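Each protein sequence line maps, in turn, to chains A and B.
Each residue of the first sequence is one higher than the one before, starting from 1 at the first, in the numbering used here.
Each residue of the second sequence is one higher than the one before, starting from 1 at the first, in the numbering used here.
Derived from the structure by calculation, the hints contain no laboratory data.
All of these numbers come straight from a predicted model, not from anything done at the bench.
Quick reminder that beta carbons are idealized off the backbone N, C-alpha and C, glycines included.
Check the hints yourself; a few may be wrong.
[As the list claims (entries may be wrong)] Below 20 Å or equal to it, Euclidean Cα-Cα: the simulated SDA-like pairs (lysine to any residue) are:
hint: 1; chain 1: A; residue 1: Lys158; chain 2: A; residue 2: Arg130
hint: 2; chain 1: B; residue 1: Lys140; chain 2: A; residue 2: Thr143
hint: 3; chain 1: A; residue 1: Lys3; chain 2: B; residue 2: Glu78
hint: 4; chain 1: A; residue 1: Lys214; chain 2: A; residue 2: Asp400
hint: 5; chain 1: A; residue 1: Lys323; chain 2: B; residue 2: Ser93
hint: 6; chain 1: B; residue 1: Lys140; chain 2: A; residue 2: Val13
hint: 7; chain 1: B; residue 1: Lys14; chain 2: B; residue 2: Glu78
hint: 8; chain 1: A; residue 1: Lys392; chain 2: A; residue 2: Asn300
hint: 9; chain 1: A; residue 1: Lys158; chain 2: A; residue 2: Glu145
hint: 10; chain 1: A; residue 1: Lys311; chain 2: B; residue 2: His116
hint: 11; chain 1: A; residue 1: Lys311; chain 2: B; residue 2: Ser93
hint: 12; chain 1: B; residue 1: Lys121; chain 2: A; residue 2: Ser9
hint: 13; chain 1: A; residue 1: Lys19; chain 2: B; residue 2: Asp76
hint: 14; chain 1: B; residue 1: Lys138; chain 2: A; residue 2: Ser9
hint: 15; chain 1: A; residue 1: Lys3; chain 2: B; residue 2: Ser93
hint: 16; chain 1: A; residue 1: Lys3; chain 2: B; residue 2: Gly193
hint: 17; chain 1: A; residue 1: Lys158; chain 2: A; residue 2: Phe57
hint: 18; chain 1: A; residue 1: Lys3; chain 2: B; residue 2: Glu85
hint: 19; chain 1: A; residue 1: Lys392; chain 2: B; residue 2: Gly146
hint: 20; chain 1: A; residue 1: Lys369; chain 2: A; residue 2: Leu279
hint: 21; chain 1: A; residue 1: Lys19; chain 2: B; residue 2: Glu85
hint: 22; chain 1: B; residue 1: Lys14; chain 2: A; residue 2: Arg403
hint: 23; chain 1: A; residue 1: Lys79; chain 2: A; residue 2: Thr95
hint: 24; chain 1: B; residue 1: Lys140; chain 2: A; residue 2: Gly139
hint: 25; chain 1: B; residue 1: Lys32; chain 2: B; residue 2: Lys140
hint: 26; chain 1: A; residue 1: Lys178; chain 2: A; residue 2: Glu190
hint: 27; chain 1: A; residue 1: Lys311; chain 2: B; residue 2: Asp76
hint: 28; chain 1: A; residue 1: Lys19; chain 2: B; residue 2: Lys140
hint: 29; chain 1: B; residue 1: Lys140; chain 2: B; residue 2: Ser93
hint: 30; chain 1: A; residue 1: Lys19; chain 2: B; residue 2: Tyr99
hint: 31; chain 1: B; residue 1: Lys140; chain 2: A; residue 2: Lys158
hint: 32; chain 1: A; residue 1: Lys90; chain 2: A; residue 2: Thr65
hint: 33; chain 1: A; residue 1: Lys311; chain 2: B; residue 2: Glu104
hint: 34; chain 1: A; residue 1: Lys90; chain 2: A; residue 2: Thr143
hint: 35; chain 1: A; residue 1: Lys323; chain 2: B; residue 2: Val71
hint: 36; chain 1: A; residue 1: Lys323; chain 2: B; residue 2: Asn19
hint: 37; chain 1: B; residue 1: Lys138; chain 2: A; residue 2: Val13
[Unchecked claim] So, partial list: chain B residues that the calculated Cβ filter (under 8 Å) puts toward chain A:
hint: 38; residue: Phe35
hint: 39; residue: Ser72
hint: 40; residue: Ser73
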Amino acid sequence: MDKFLNIISQSVVAVRAFKLRTFFCMFSVALGISAITIIVAATEGAYKKAYDIVARFGPDSLLVTSGGEEARAVGRFDKTLTLGDVEAVKQNFDTAYVVVPMSAVRNINVSYRDKKYQTTIYGSTNDYSRVWTWPVIQGSDFTDEDVNGLRNVAIIGKYVVEQLFGNEDPVGKYILVKNIPVQVVGVLSERGTTPTGANLDDRIVIPITTLMRKLQNETTYISTFRIRFTDQERLEQRQEEMKQFLRARHNLRASDPDDFRIVSPKEIIKFLVALTSSLTIFLGVAGVISLFVAGFVLANLFLLSVKERSKEIGIRRAAGAKKRDILMQFLGEAVIITTIGGLIGFIMGYVSSNLLKLIAEFEIYFSWKAFAAGLLLSWAVGVGFGLQPARKAANMNPIDAIRK
Amino acid sequence: MSLCELTDIKKTYKIGEDNVEVLKGISLKIEKGEFVAIMGTSGSGKTTLMNLLGCLDVPTSGSYKLSGTEVSSLPDDELSRIRNEHIGFIFQSFHLLPYATVLENVLLPTLYLEHHQDGLKARALHLLELVGLQDRAKFKPSQLSGGQQQRVAIARALMNDPELLLADEPTGQLDSRTASEIIKTLSDMNSKGTTVVLITHDENIASNAKRIVKISDGLLV
């Protein structure tokens, strides 16, 4: 142990003595590690965000939308789900504790006094707030009577409040939706934007019955419905049951594709992570390449250094250093340099990802994982690329080394 | 028992296709406490002989017993240990580590000791005092004169208290006055009991030793 410390102390001395070599190796390792740090933090950020969103979506929820994958692909949004489907699901799925149908109409003129703009109107039942875990912070949700009676009532998003009311309290006021007067009964809490840039707070929710009759001239079809289950752990099984149930109700033959789509929390995570993954892959490739470059810089500078320091190696061997002592010293030099380079890289990654956060919509989450990944990789570079030069130093013939 | 006992030592180097026999059968005994000069012209094989004596190399054939132990077929690690514990080297061009201080240079052989020892620093300082450089401990080699550097090298060679001190042309890069100082230092060490083997081509220098062994064309004459 004493001897090991002695040899490592020689590594430290050499790291300090050969400053230029140390600087270049450290710098190139730091660049690579900073890229890796950002990647790990960005990936973690993406997952964290995805899980946050799923937590809001509801980890116990499924969303069923009208129209199959193929119809979507060609841009058709056929309505295939009906209020009857919703009723049937309610009857047949014991563990479904809320089932809420939804439809939406885009680009509807809304106004309050002299203020007007266009927004999307969503139709839902009185469970809208509960099913989306989206609290009504002012006023109240609608009631069964509102839905059954096709009443002209609305709960509105924060953005709508800003657009139409400013600082005025909207609850109880009447707004015009496509020239139909609708009374605001509640305001939804603020939710921000989706990763795709949609403003979640820009929405007006009215009873689905009102929407279908008065805005869509529709009696049967809806665009989506949402279900929440009490047995969250069996969500995948429920999803499969839902699929078979709807296929049977829609009289699809075995060869027909689904005419609906079921979105589960899992798919949301996949989708959200995929959004950031292109950037992650780019950075990942860049990071790995720059680590390799760093490794080659290190290996070359060390080979050069071994050559220059052959006399030193000879002196040490004559004084009684074994081959492995020399190997340990040079490997120690490499690992010390890459470790410090890695730490600098981590700091650089931390700083630059914070800058990146300012410039772009980019989720970054730093945990011990980014730190550990950086440290382990810097060791890997140190050992991986330092080994060959160190071996060369160790295997030098002491007689030749000393005469050079 | 002799300190060094060489019997019919041969050493052949392969240079390209040719085998060059540098030592052609050398038998030599060096007793404990001797001061021997090995003299020869360049190419005579004296440096190869020193490398063998110092366990930096092994002979192609023949026997070399150091304190009674056959060392001619030992593995590399064992040779390293023997160099570390039993042999001190002094080279023509001093061979100090340029980035280490004088004291660190003197302590170099202690880095490779297998077992921890106490009082190493005190011993190093004492050795520096013996060679008259106690006030230069914190200097870098480049701040010292040639003679001073060689004295640091002598202190380093003595650090692990070796039985055998090997000096390869120790005065080759020094002026004659400094050279005689260095030789005097070596004589002092010898009179304190250290066996000294001096390798040189210079008759004047060799004449300081108590015994002169001449080598020519790979054979003792």
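Structure versus earlier hints, numbers of those that do not hold, lowest first: 2, 4, 5, 7, 9, 10, 13, 15, 16, 19, 21, 23, 24, 25, 26, 31, 36, 38, 39, 40
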